[in-house]
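In order, the protein sequences belong to chains V and S.
Residue 577, in the working numbering, is where the first sequence stops; the numbers in between run on with no holes.
Residue 115, in the working numbering, is where the second sequence stops; the numbers in between run on with no holes.
The set of hints was computed from the structure by calculation and includes no laboratory data.
There may be inaccurate statements among the hints.
Unchecked claim - Quick partial rundown of chain S residues pointing at chain V, CB under 8 Å, derived from the structure:
id, residue
1, Pro69
2, Gly72
3, Leu78
4, Pro81
5, Thr82
6, Ile94
7, Val104
8, Val106
9, Gly107
What the hints assert, rightly or not - Straight-line distance between alpha carbons at most 16 Å, and here's what the computed EDC-like set of lysine to aspartate or glutamate pairs gives:
id, chain 1, residue 1, chain 2, residue 2
10, V, Lys167, V, Glu14
11, S, Lys44, V, Glu304
12, S, Lys25, S, Glu61
13, V, Lys270, V, Asp254
14, S, Lys93, V, Glu115
15, S, Lys86, S, Glu61
16, S, Lys86, V, Glu111
17, S, Lys93, V, Glu106
18, V, Lys15, V, Asp195
19, S, Lys44, S, Asp109
20, S, Lys93, V, Asp117
21, S, Lys44, S, Glu61
22, S, Lys67, V, Asp130
23, S, Lys86, S, Asp75
24, S, Lys86, S, Asp100
25, V, Lys33, V, Glu14
26, V, Lys15, V, Glu64
27, V, Lys450, V, Asp264
28, S, Lys93, V, Glu111
29, V, Lys365, V, Glu304
30, S, Lys53, S, Asp109
To be verified - Sample of chain S residues at the chain V side, in silico, Cβ under 10 Å:
id, residue
31, Tyr31
32, Ala42
33, Leu65
34, His73
35, Leu83
36, Thr101
37, Arg103
Heads up, the beta-carbon is just placed ideally off N, CA and C, and yes, glycines get one too.
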Amino acid sequence: MKKIKENPETTVLEKSPTGIQGLDEITGGGLPKGRPTLVCGNAGCGKTLLAMEFLVRGATQYNEPGVFMAFEETEKELTTNVESLGFDLNKLISQNMIKIDHVFVERSEIEITGEYDLEGLFIRLNYAIDSIGAKRVVLDTVESLFSGLPNHMILRAELRRLFRWLKDKGVTAIITGERGDETLTRQGLEEYVSDCVIVLDHRVSEQTSTRRLRIVKYRGSSHGANEYPFLIDDTGFSVLPITSVGLKHNVTCDRISTGVSRLDTMLGGKGYFRGSSVLVSGTAGTGKSSLAAHFSDAACRRGERVLYFALEESPAQIIRNMLSIGINLDQWVKKGLLRFHSNRPTFSGLESYLTVMHKEVNNFKPRVVIIDPISSFIIGINELEAKSMIMRLVDFLKMNQLTSFMTNLSSGGTALEHTRIDISSLIDTWLLLRDIEIGGERNRGIYILKSRGMKHSNQIREFLLTDQGVDLLDVYVGPEGVLTGSARLAQEAKEIATQTMHHQEIQRKKLEIYRRKKAMEAQIAVLKSEFETAEAEALKIIAIEEQATKQLAKDREDMAKTRKADAPPEKVNSKKK
Amino acid sequence: MTTKKTETKSITPTKGAKKKSKNDKWILRLYVAGPTPKALTALKNLKEICDDKLQGKFVIEVIDLLKNPQLGHDDQILALPTLVRKLPAPVRKIIGDLSDTERVLVGLDLKQQLL
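Excised from the complex, chain V in its bound form:
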């Protein structure tokens, strides 16, 4: 058995970064350096734009000049077309960072009279590359040559030679081609350009069109093999890679206020966890958006930025409606702390909307994201797609430690704990707003269905929208069940009346006792005074008697004295006897 010698110098495939958001992540660093890449797709997929962006970003971000050989459009047309992406080609051309060469092949002008080769094209390309030292080249689209030159055998041989020549020259090239029916490209270019093949797709499903990108092949490197949706907007291409890289997000123990103090109390006293996902569901008109407004208001007061995705109402309408419950959102908009983004998802399709959301979050850098309502994402019967999209969105927000607040409109017939998109497992805190119908009126109740990681109240509170905002009140649970609204008021009134009555009763009794006391005291006073009178009289009499006795004694003495009684009265008394 021979031992296989290991090559000590394993070379890693070098990559040429595209600078396109998301594409570098999917390809693991960019396109293969020094090799041609085939980009194919149907008409209007964005091949030319992708190629152009590759060149422009190469020139502006990586300092690599590029040559664009255009077989279909003129230099002027190209410059105008990419201006809408925000690329100033004229400036780059004047700086010699980009060179555009328009190759015009007109069949009718050409007469074939013998053997030929395409050396002219080579010379031209070579000249263009050397004149600015280009490292990146785009050929868009080589298939035009097939309609211009009749001898396809020579053409194919020359193309093979061309791609080999490009490799030898060491430039990273993008070759664009039209999608064929059975082959990847109409003319079968993938035979020659097979180091890396990217397919662009523009699909229409349920009346919304989505653009998707797929890397069919990438020799020498691992790559994302799924279809990735992408967007073309005024900043160029954005590809959205699937972000679920495992559920490894960091968490914090910070709590933030919900904006309604009574609700904070219900949530263990402090409010939601920062970085958690909150869902408020309820039927129509239960006040979900009002809770969202409270939450934004509270966040803005703390100086945090809020990004509000309003999928059903215009920002002006939301601001006006929230003013009626005493929340002024306009002040935060003016201060730049609150930003609204309102577009129906049906406008652009789910994947594009997700990409838009990513962009907005990355640009605005909020700490709170509100989506009102997520039930708008259901277009037709695409619940699975909507779920996958929301899952990715929640993942993305959690990875960046953003608190998300979503509202969900439940349809009347279904159970409230069931959301049509079935995302209950993604939600950390779930508030339910329900209608309570009693005695001919509907009132709203709120309760916390679940709140992971914290103690929360299990009571239903009555949910009121007042001029000063949302108010939560205790409900009365009477013999008829939960009482809210006017029944509660009636009950309250009754209780107050009863209380008053008791109070009055007590007062009355107190008064009575007081009176009796007073009566008793009066009686005592009378007896006392009688007694005193009698006492005084008795004392007087006693005094008189004493006086009388004294007087008598004195009188006797006096008499004895006058009767010349010398003897002491005791002797006299004893002698006389």
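Since the structure of chain V is already known, use the hints to place chain S on it.
Structure of chain S alone, referenced to chain V:
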């Protein structure tokens, strides 16, 4: 051989030729990429045809794109060798080593169309 490497080379015929039209000479440009066999064949064929049909009223310029690549830009030269008839207007392009004389004549508009 060396003479053919020069940038432009005009071959003027002997005087006394018949005047074909009011316009002056034909200006024909032959683009080549160095002295390849195809280039030499083309030049040879071209001279023959011109001597035969134009009787002196012509100027042939041989342009070597290896020496001056940018000169191919105006005439949009892709294939080589290419013969471009600059005058009389309109501009005509003929690709190949000019072995097919019939087609060359058609291309140069020299051939009378057979019914």
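Restraint check for Lys44(S) with Glu61(S), where alpha carbons must lie at most 16 Å apart: Within the cut-off at roughly 13 Å; holds.
Residue hint Thr82(S), partner chain V, criterion CB-CB below 8 Å: Since the shortest Cβ distance to chain V is 7 Å, the answer is holds.
16 Å limit on alpha-carbon distance, applied to hinted pair Lys270(V) and Asp254(V): Cα-Cα ~9 Å, so holds.
Cut-off 8 Å, beta-carbon criterion: hint that Pro81(S) touches chain V: 7 Å, holds
Agreement of hint Leu78(S) with chain V interface, Cβ distance less than 8 Å: 5 Å, holds
Interface hint status, Thr101(S) versus chain V (Cβ within 10 Å): 8 Å, holds
Residue hint Gly107(S), partner chain V, criterion CB-CB below 8 Å: 3 Å, holds
Restraint check for Lys93(S) with Asp117(V), where alpha carbons must lie at most 16 Å apart: 15 Å, holds
When the least beta-carbon distance from Val104(S) to chain V is tested against 8 Å, hint result: Result: holds, 5 Å to nearest chain V Cβ.
Per-residue hint verdict: Leu65(S), partner chain V, C-beta under 10 Å: 5 Å, holds
Pair hint outcome, Lys25(S) versus Glu61(S) [Cα-Cα no greater than 16 Å]: Given pair Lys25(S), Glu61(S) holds - Cα atoms ~13 Å apart, limit 16 Å.
Distance restraint between Lys15(V) and Asp195(V), which requires alpha-carbon spacing of 16 Å or less: 12 Å, holds
Of the numbered hints stated above, those contradicted by the structure are hints 11, 19, 24, listed in ascending order.
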